[in-house]
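Now for the letters of each chain:
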Amino acid sequence: MIRWISFSLSVLLLSACGTSVKRVDSDETIDLSGAWNDTDSRLVAEEMIDDAVSQSWIIDYFGKSGNIPTVIVGDIRNLSHEHINVKTFIADMERSLVNSGKVDFVASSDERGQIREERVDQDINASEDTRKKAGQEAGADFMLIGQINTIIDADDNEQVRYYQVDLTMISMTDNRKVWLGQKKIKKFVKNSKLRY
Amino acid sequence: MRLLTSAFTPSLLWAMLLLQGCSAWEVNSLAEQLPAQGPETTLQALQDISPAERDRVQYLLDLGSLKFSTGDFSGSIQDLQQAKQIMRELQATSITETAAAAIVNETFRAYSGTPSERVLNHLLLGLNYLAKGELDAARVEMLQSNILMEELAEADSVSGQLASARFLAGIVYELGGEWDDAMISYRRAANIMQARQMAIPDALATSLLKTSLRQGFDEEYLNYTRQFGREAQAAQAGDGEVIVFYSDGVVSNIEEQKITLFNWQLGQLISIAVPHYPANDYTPRHLTLHVAGQSFTTSPLENIEVLARSDLDARMPGIVATTTARTVAKYLAVREAGNQNGLAGLAANIASFISEIADTRSWNMLPSSLQVARFTVPSGSLPGIIGFPAEAYTSQLEPASKGATVILIASSLSNNLHSYHQPH
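So the sequence lines, in the order shown, correspond to chains U and F.
The first sequence runs 0 to 195 under numbering that gives the first Met the number 0.
The second sequence runs 0 to 423 under numbering that gives the first Met the number 0.
This is chain U alone, in the form it adopts within the complex:
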């Protein structure tokens, strides 16, 4: 019996595990390590932008100017304990802002540089009736900035991860903060003490 077990163990040790791939829906929540993931990014962005566009600053601005506000997303700083891809979070927010239909949205400074280069190129190479003029850009009325912070409490193989995302909408005219949004996520992560 013992010999059979040891022989089986030998065979098992010599056998290799293959890679398996399964396609899943991009909206499906899969938590592997407990770290910030695509679901956190998407849900936080959607909830916070929903809150931002449902507040009174939009109505106030419309009342004063007769136009819907034009928004630009500025710096979102990652001050957390994790390497969070802020670009995907910004993209999620931009999508939620544009899809809300309650604000106009302008390109970021990096994107503007690219568009301006193209405009200069059009000046030289495009036909007159399709050429776009310089100096016609829409200026933003508000800038959205923010930061992602975390507090980690760890003991042995257990960890509580607390994420706090703070966003602020600031008026470009007078630096007034017209909206402050906050979203918190708390996760309890327990790692196994044993593995195969």
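By construction, these hints were calculated from the structure, which means they are not laboratory data.
The C-beta atom is built at its ideal place from N, Cα and C for all residues, glycine as well.
All clues stand as given, with none of them false.
Here are the simulated distance ranges between beta carbons:
(1) U:D74 - F:Q196: 43 to 53 Å
(2) F:G176 - U:A90: 21 to 31 Å
(3) U:T87 - F:G176: 19 to 29 Å
(4) U:Q54 - F:G70: 45 to 55 Å
(5) F:E254 - U:T87: 39 to 49 Å
(6) U:G33 - F:A313: 22 to 32 Å
(7) F:Q196 - U:R94: 53 to 63 Å
Covered stretches of chain U, going by a simulated chain F footprint (3 or more residues, C-beta under 8 Å):
(8) 72-80
(9) 184-193
List of simulated lysine to any residue pairs, SDA-like, C-alpha gap at most 20 Å:
(10) U:K183 - U:D37
(11) U:K192 - F:T95
(12) U:K192 - F:L151
(13) U:K183 - U:D165
(14) U:K192 - F:E96
Following the hints, put chain F in place on chain U, whose structure we already have.
Frame of chain U; chain F shown alone:
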């Protein structure tokens, strides 16, 4: 013991010996040649090695440190991040690896890094991100190293507590304007160095003086002026600041100590192999910088030779216990095989002798010491550097711009000098 003895059969042992790769031996050999060959040649040779899965962490750590030395920061980050993730997963005890270590040898455990190596990984990642100009990402690594050091902290022990990681965290916080956190980090760095009975380098003294004065911690500042015999240097408007991180040498390799004896009474070849470090004869060599008529020399912040030996010393009781149990199990199994069949007994004895190998894996392409310097330079001045190697780095340096902080990263293994400029 009975279970161990029963599990130790020639078929199992030979199967495991087939699994015994030689990648760790090849990596160790390259680490020994690193001072002579240099990081570029060693990196090429290392990339030709295909490591066994259980040696992957050592391989990635060495790969990451070599890429850092050659200036491939993105590549270094990729390897070190991967090593970090694997090391985290390997913190759980493996049932199969523990069994294999008890039956064959310790190299059947996946290498998961020592406490110091895990913290040093964050440090090297932090320096990589700084060299790339990504301050926020460097801050993430420093936060992670803080959490790890808290997890590793034990009463009356500095195991896994690194002054270098605390110091770099202080610098990163300072660059981000987080002065309170910087002060806490510098204090902790000083506490660790005192616990290790190391002299506090000028760079850390300067940081403690500067930050305590800026934060208005008058009593603490006064204590530091007494301790270091000087006051914080008053910077002139527009002066720049240079902070140097210098890696000197290559840390020692772990060696195998094998005792083999033939017991005539028992009729068996008995072998015991344990890891050990050779005597530490490392003497730090410093980097000297000449700026605007003044000379500045780097001082040791972390003696990695000492750290590596302390980590192995901490592991030794466990290694000795497993080795003893394994030796007894092998002896009993060989005796049992011999009782049944003389040839099987001989085969088992040969297998038990061959399989007795010490685990000599470590992050062996780290420097022997990490040194630092910190000083103020007049605006626009260009530091000239003399160190190891003696070639001047001057042509690669940009002048310190008005009020800027420049972080220089240098190594005794290479002429490459990397810098991070933080504008005022």
